[in-house]
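Engineer: We have chain A already, so just place chain B on it with the hints.
Listed here are the chains, written in short residue letters.
2 protein chains.
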Amino acid sequence: MMLEGKVLVAQGGGPTSVINQSLVGVVLESRKFPQVTRVYGALNGVSGIINEEFVDLTQETTHNLEKIASTPSSALFSTRDKPDEEYCKKIFEVLKIHGIRYFFYIGGNDSADTVRIVNEQATESGYELRAIHIPKTIDNDLLVNDHCPGYGSAAKFVAQAFMGINLDVSSLPGVYIGVVMGRHAGFLTAASAMAQKFPDDGPHLIYLPERPFIVENFLSDVKDVYEKYGKCIIAVSEGIVDENHVPIITKLSGNVEKDSHGNVQLSGTGALGDLLVKIIKENLNIKRVRSDTFGYLQRSFIGCVSEVDQYEAREVGERAAQFALWNNVDGSVTIHRTGSYSVDYKLTSLDKVARLTKSMPDNFINEKGNHVTEEFRNYLRPLLGPDMPQAHRIRAPKVEKKLNK
Amino acid sequence: MMLEGKVLVAQGGGPTSVINQSLVGVVLESRKFPQVTRVYGALNGVSGIINEEFVDLTQETTHNLEKIASTPSSALFSTRDKPDEEYCKKIFEVLKIHGIRYFFYIGGNDSADTVRIVNEQATESGYELRAIHIPKTIDNDLLVNDHCPGYGSAAKFVAQAFMGINLDVSSLPGVYIGVVMGRHAGFLTAASAMAQKFPDDGPHLIYLPERPFIVENFLSDVKDVYEKYGKCIIAVSEGIVDENHVPIITKLSGNVEKDSHGNVQLSGTGALGDLLVKIIKENLNIKRVRSDTFGYLQRSFIGCVSEVDQYEAREVGERAAQFALWNNVDGSVTIHRTGSYSVDYKLTSLDKVARLTKSMPDNFINEKGNHVTEEFRNYLRPLLGPDMPQAHRIRAPKVEKKLNK
Chain A
1 MMLEGKVLVA QGGGPTSVIN QSLVGVVLES RKFPQVTRVY GALNGVSGII
51 NEEFVDLTQE TTHNLEKIAS TPSSALFSTR DKPDEEYCKK IFEVLKIHGI
101 RYFFYIGGND SADTVRIVNE QATESGYELR AIHIPKTIDN DLLVNDHCPG
151 YGSAAKFVAQ AFMGINLDVS SLPGVYIGVV MGRHAGFLTA ASAMAQKFPD
201 DGPHLIYLPE RPFIVENFLS DVKDVYEKYG KCIIAVSEGI VDENHVPIIT
251 KLSGNVEKDS HGNVQLSGTG ALGDLLVKII KENLNIKRVR SDTFGYLQRS
301 FIGCVSEVDQ YEAREVGERA AQFALWNNVD GSVTIHRTGS YSVDYKLTSL
351 DKVARLTKSM PDNFINEKGN HVTEEFRNYL RPLLGPDMPQ AHRIRAPKVE
401 KKLNK
Chain B
1 MMLEGKVLVA QGGGPTSVIN QSLVGVVLES RKFPQVTRVY GALNGVSGII
51 NEEFVDLTQE TTHNLEKIAS TPSSALFSTR DKPDEEYCKK IFEVLKIHGI
101 RYFFYIGGND SADTVRIVNE QATESGYELR AIHIPKTIDN DLLVNDHCPG
151 YGSAAKFVAQ AFMGINLDVS SLPGVYIGVV MGRHAGFLTA ASAMAQKFPD
201 DGPHLIYLPE RPFIVENFLS DVKDVYEKYG KCIIAVSEGI VDENHVPIIT
251 KLSGNVEKDS HGNVQLSGTG ALGDLLVKII KENLNIKRVR SDTFGYLQRS
301 FIGCVSEVDQ YEAREVGERA AQFALWNNVD GSVTIHRTGS YSVDYKLTSL
351 DKVARLTKSM PDNFINEKGN HVTEEFRNYL RPLLGPDMPQ AHRIRAPKVE
401 KKLNK
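Protein chains in written order, with the UniProt record's numbering: chain A, 1 to 405; chain B, 1 to 405.
Next up, chain A with everything else stripped away, as it sits in the complex:
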């Protein structure tokens, strides 16, 4: 029997380049079903639900929705609120009074947990509700999923940035450190490896949160590369930690900001990059040492998107609506790699995705813990889409010297 009622969709956590594809996937697919009376969007994630900040997306034009789909960041805005049970009860009250029977929440592992709790509350009180979590995160750290929507585009930005850095640092040599997002998982930083085309291309060194960052090893790595190539390009994850899991940023700098969850602030500051530059300058005799912190550009830059990521983000939204409206089931939509390269989507139990995070597996990191493996490259390559730019070099023969023979 068809459950008649309204659909509600919301977006949580950090924005990505393709999170609006999932939103539009849910909206356009839901609007086709006769049992759906309205499709609402909640502004500001879950906080917009408890405040009843809804917009009626049934009255949005398909044309504008398509335009929004290709716009990065969360069109319904977002929130960092992590709802507890009390918070979820309020959510549920609002869903009930508005006759919402289908709830879709696009976000990371915290959002999956929100969906899990809301779903439990509904079952307990006998209120029939379909609740589906739709994956997104540039960190690529959701369990069960082969990869997460949002990762491919952010990875493409990071790879393109390092391609450009390779050219820039070849032109004016020195040491360059690019600090990439990723508190616990190194997937995004690792994407920098895709910038390597020619044998001396960087990044020559890649440091991930999955392996301890030892200052002495770092310095000797940099020295070796610089002596070999006369330049050294380094990708560093903002979340690198020492042997005791202490973030390097806390260890090296006295004054750090913490967020409401007690996490050290990693983005929106150039501190880690500047500290690593200082260490190199103080210990190695290298003059030109520079760092950039990719910051918010890597997750919000307009005009750098992976086509594959775009399609998949759209499909997880569509599939979420289909699971709920055709099959009358709850869960988290997950992406599974079925071939090279093909994917399919499943509905996974929420408790298998909620809260937990995935790290880079061992076979993706080299033995020395300062770069990635070929297996990682093979894993990532299809996710970047077909239109990756390429760097090209002059191959003309050298001319014989006449004055300085």
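Quick caveat, the hints were computed from the structure, so don't treat them as lab data.
It does not matter which identical chain is meant; a pair holds if it fits inside one copy or across any two.
The calculated PhoX-like cross-link candidates involving lysine-lysine, where the alpha carbons are at most 25 Å apart (straight line), are:
| id | residue 1 | residue 2 |
| --- | --- | --- |
| 1 | LYS287 | LYS231 |
| 2 | LYS281 | LYS251 |
| 3 | LYS251 | LYS278 |
Structural biologist: Quick look at chain B alone, frame taken from chain A:
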């Protein structure tokens, strides 16, 4: 009479996204002329000339040259060397022994000065040489030129970055500071204004090196915007100075690096952004304050280029070869706007372009000195090319509240 001999081309200063278009313009055009016996490229700018590091571009394939043209950064590499008269004499010796009769140098105002001196030396010693300067700089600060090749693409990157930042900060509100390159000229920072589409879009404030940066005014500007919109997006030029022309970075921070010319290091560090964040946090009661320093990404990012900039960079290279080889004259190729939008190229006397720099004219900066004018927007718009991405928003009607009436 046709002057028979070799062509030499080199690239100087900071790389741009389209500097290789000019290189390839020179090479392909020069190769058509019967009096050209070889087309050489000097590696590492002028320093490669005195060291005779030449490659024979006559033996490079057209296909690979076309691929290089669309690759950012200097394919022949670059140098920060600023040659004096002694240095130029060495250059000239090398040109002579290799039978080089045509010299093309792609670069900014320092490179124009190099060409000027080499040209003078040649005339004095009676060695017949055509020497042409080809403009490039993301700073857009060359005199005589309406604008400079390289600026349009960097401006496009900055505008696209702020478009994304607008979406990101709308989604998770706060104060955001983006630090943009530009030591003396604010053109690149000003390009951020093109990100404004909707009435509350940022950047709400733009600080340029052309106007003194007064901390009290800055704080009151930020406060006003934040109270009005609940968010504040700021574009700041790395080169902002106080009333006494002291760089803010030097004033606020004790420990700064200086380069070989005594210039304070502005890029490759997040210091200025972090300092401005600190000032806001200490003085205004705003919790979420973030900064990014766009750094090297803005001049080297692969995959963000203005089509107009690309064509013009190619044409200045081609025209340079034509001026030297058809007309047998020296000078600097300059771009002139002839319509809305059309350009033409002239050959300008080197001393009118060498050394000097252009700042943002008064009619491009608003009265309060914290934003740009409509005239600036009209000036910049065509330079970004036809394919600027667009941000889109949901316009669906709000739903009436039921619980929290």
